[in-house]
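Could you build all of it, start to finish, from the sequences and the hints given here?
As you go down the protein sequences, you meet chains A and B in turn.
With the first letter of the first sequence counted as 1, position 426 gets the number 426 in my numbering; the numbers rise by one all the way through.
With the first letter of the second sequence counted as 1, position 82 gets the number 82 in my numbering; the numbers rise by one all the way through.
Keep in mind that the hints were calculated from the coordinates and are not lab data.
Model, not experiment: these values are computed from the prediction.
You may find that some hints are simply not true.
Unchecked claim - If you anchor each label on the Cβ, the simulated ranges turn out as follows:
| # | chain 1 | residue 1 | chain 2 | residue 2 | range |
| --- | --- | --- | --- | --- | --- |
| 1 | B | 205 | A | 89 | 16 to 24 angstroms |
| 2 | A | 89 | B | 302 | 51 to 59 angstroms |
| 3 | A | 371 | B | 156 | 34 to 42 angstroms |
| 4 | A | 246 | B | 157 | 45 to 53 angstroms |
| 5 | B | 55 | A | 432 | 21 to 29 angstroms |
| 6 | A | 122 | B | 93 | 50 to 58 angstroms |
The beta carbon of each residue, even a glycine, is placed where N, CA and C say it ideally should be.
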Amino acid sequence: MSVIKTSPNVPSRRDLFRLAAAAGVGGLGLPRGAAAAGVTLTFMHESSFIKAYDTYMQKTLVPAYEKESGNKLRYELLSVGSLQTRVTTAAETGQGPDITLNFFNWPYLYNEKYIDVSDIAEEAGRLNGGWTDSVKEAVVVDGKWKAVPFGNVGQLMVWRTDMFKAAGINAFPDTWEELYAAGVKLKVKGTPLGFELGHGFGDNHGWLYPLLWSYGAAEVLPDGKTIVLDSSETAAAVDYCRRLFKDTMNEEVLGWTDPNNNKSFLSEQISCTNNAASILWFAKNDFPDMAKMIAHAQNPAGPKGRFHILAPWSHSIFTHSKNQAAAKDFLRWLMNPKQLRGWLASADTYYAPFLKAFDTDPMWNIDPRYMPYRDSLATAHLPGWPAPVSRETSQSVAKYVVVDMFAKACAGASTREVIANAVAQLKQIYGQS
Amino acid sequence: MASTSASLSSPAAAVAGRRRYREFFEREGIFSWLMVTPPLLFLAALVGYPFCYGIYLSLQERPVAQAGTFVGLDNFVTLAGDPVFWRVAANTMIYTVVATVLKAVGGLGLALVMNQVFPLKNLVRAALLLPFIVPTVLSTIAWMWILDPSFSVVNWTMINVFGADKPGPAWLGNPTLAMISVIIINTWRGLPFYAITLLAGLQTIPAELHEAATIDGASTWNRFRYITLPLLKPVIFIVTMFSVIFTFSDFQLIYVLTRGGPANATHLFATYAFDIAMLGGQFGLGAAVALAILPPLALILVALAIYMRRVG
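Set out below in structure tokens:
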């Protein structure tokens, strides 16, 4: 990114950038111009499954930002799975990075340790056609944006067109029942389905919550306290899941964590799984012939509709940051389509943006097979929906209440038993036992 | 003269002073405290403080990154009504008891073999330590591959050599097999600790005792039963105590391999506490789960101590 040369009397872009940051600092009661120039920001991220995405940040965006702002930016990469522990440590000790990446409902969990970034989010929305409504479930806490979301790592159906064709199926099934019928044929052919039913981070929630919702069931009502899991709709979903497991999958899926389905799919053991777009990305790099036969589809519909899991990634600024104004300016700069487009495109649209202006962005032309990830956003919700995000919904997810309800049924327990067990857990979580 | 006398008396006084200091510090009551204080401070800072802070947290309603409120024993009452907690408690007991027994028996056997004279003895003894030396996460990932039905060498052997049906057993997918698998892996990892420690104990047993018993016509079993085992009991007690503590609070193996699945079949206290505190953001409740380890662990250790004292 080049810096426009100007005459000494005309402010340069860098000057404007500094002025904007200073204005932000002024609003916080700090001396104007004290925060912007020469500060070092630490921007904490978890290593992406898509290496090009981190490389683009390190090689393109960091130098561009440093050149424009005069600040230093440390892009601190953590290993996969370790981010939440670091965020917790930073939030608890009041020390550490200025800006962090968030997943799922973290803006709610760490609400008190994150500053209000409504101005950045609202400005980004205003300039980019508005935000997809569903993302507000994850980042707006008590009416304030506590994080600026940038992309959803959706969990959709990843399937092998050639294996389906070999079983006489030419298009991806539109309903769960059609998927069951297809799965039976595929298992006979030695290419079963494989959906995670173990204790992973996301690939289990990714299809089991949508399955529950698509049968019209839920854990709790929108009031956030009335437990409604014990219903005929839940029973129907559990019965369906048991059939799907028994007749279309192998037993191993009960013990899978998140990497297992990727391994199994890429080693051609299964014909379909529920996952992020990372499988296709890896296949394109390592198994180009197989990649040609991989397609994506939205989750099948149930009797009450089609649903997806909301898996949003967002950025927050810690209250302990001494460079809050500069951090806000950095996020504002990052959310500018000029920066954001290139960053998201570097990941082959692995992160589906929530800004509506991006729905028709050329980045989607990189590979139209990613389109279902864009289209799924309209029907995506956080685990625990339709209840608002709360400590109770977080605890339910941490205790795998819904996942284990389905898993226990698949392992042989009766529908009545697994629902009663899940309801008992929910009552304990919601303080109603 | 006065100055000369001062200069003469000064070194003598200094020597006397140094001697007094030395005698003071060399008194048993002083010297022992001097030696013990640094490790005590170290333990207080790195063990005592976290432990007391854990107790403090367990008595609070303490969401992550928020101020806590004192709730007394509410968290423990909540856990008493939590079906998963009782499942976790049962899992932990089974995991600890079975793995410890396997490690004790296997470790003793291995130590007895290693105590014999054979070629490349030292090399084999060193190799024995490998499972203990390799970082747990690394060896667990290897086990993950060994047990993965798609790539498992075990399943491949069962299918191709013994004609089992494809895809073979789901070692980590079937709840019972998953528990058996993690117990086996824990045993594999902990066996060298037992074996090497018991081997050290075996080498302290005087050979004359065995020679005398042999001359008196004692059989191999009787020599083991009446000489080796009684003399080894103090070592067995110590190593078992350590093993119980390590196994009871195991985290890495489960976290890497199953994260407590399938359907909580392998969830242990440590993994459950982590999930509640870190993923669920409930520090108070998480600390209560972690602290719940204490009473059963103390009971096991006390029972073990009483047993060893009686039979020892």
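Evaluated hints:
1. At about 49 angstroms, the CB distance of residue 205 of chain B to residue 89 of chain A disagrees with the hint of 16 to 24 angstroms.
2. For residue 89 of chain A paired with residue 302 of chain B, a C-beta distance near 36 angstroms fails the hint of 51 to 59 angstroms.
3. Our hint of 34 to 42 angstroms for residue 371 of chain A and residue 156 of chain B holds, since their Cβ atoms are close to 39 angstroms apart.
4. Distance hint for residue 246 of chain A and residue 157 of chain B: a CB-CB separation of about 27 angstroms, inconsistent with the stated range 45 to 53 angstroms.
5. Checked against the given bound of 21 to 29 angstroms, the beta carbons of residue 55 of chain B and residue 432 of chain A, roughly 28 angstroms apart, stay inside it.
6. For the hinted restraint 50 to 58 angstroms between residue 122 of chain A and residue 93 of chain B, the CB-CB distance of approximately 54 angstroms keeps it satisfied.
Violation of the numbered hints given earlier is confined to hints 1, 2, 4; the remaining hints are satisfied by the structure.
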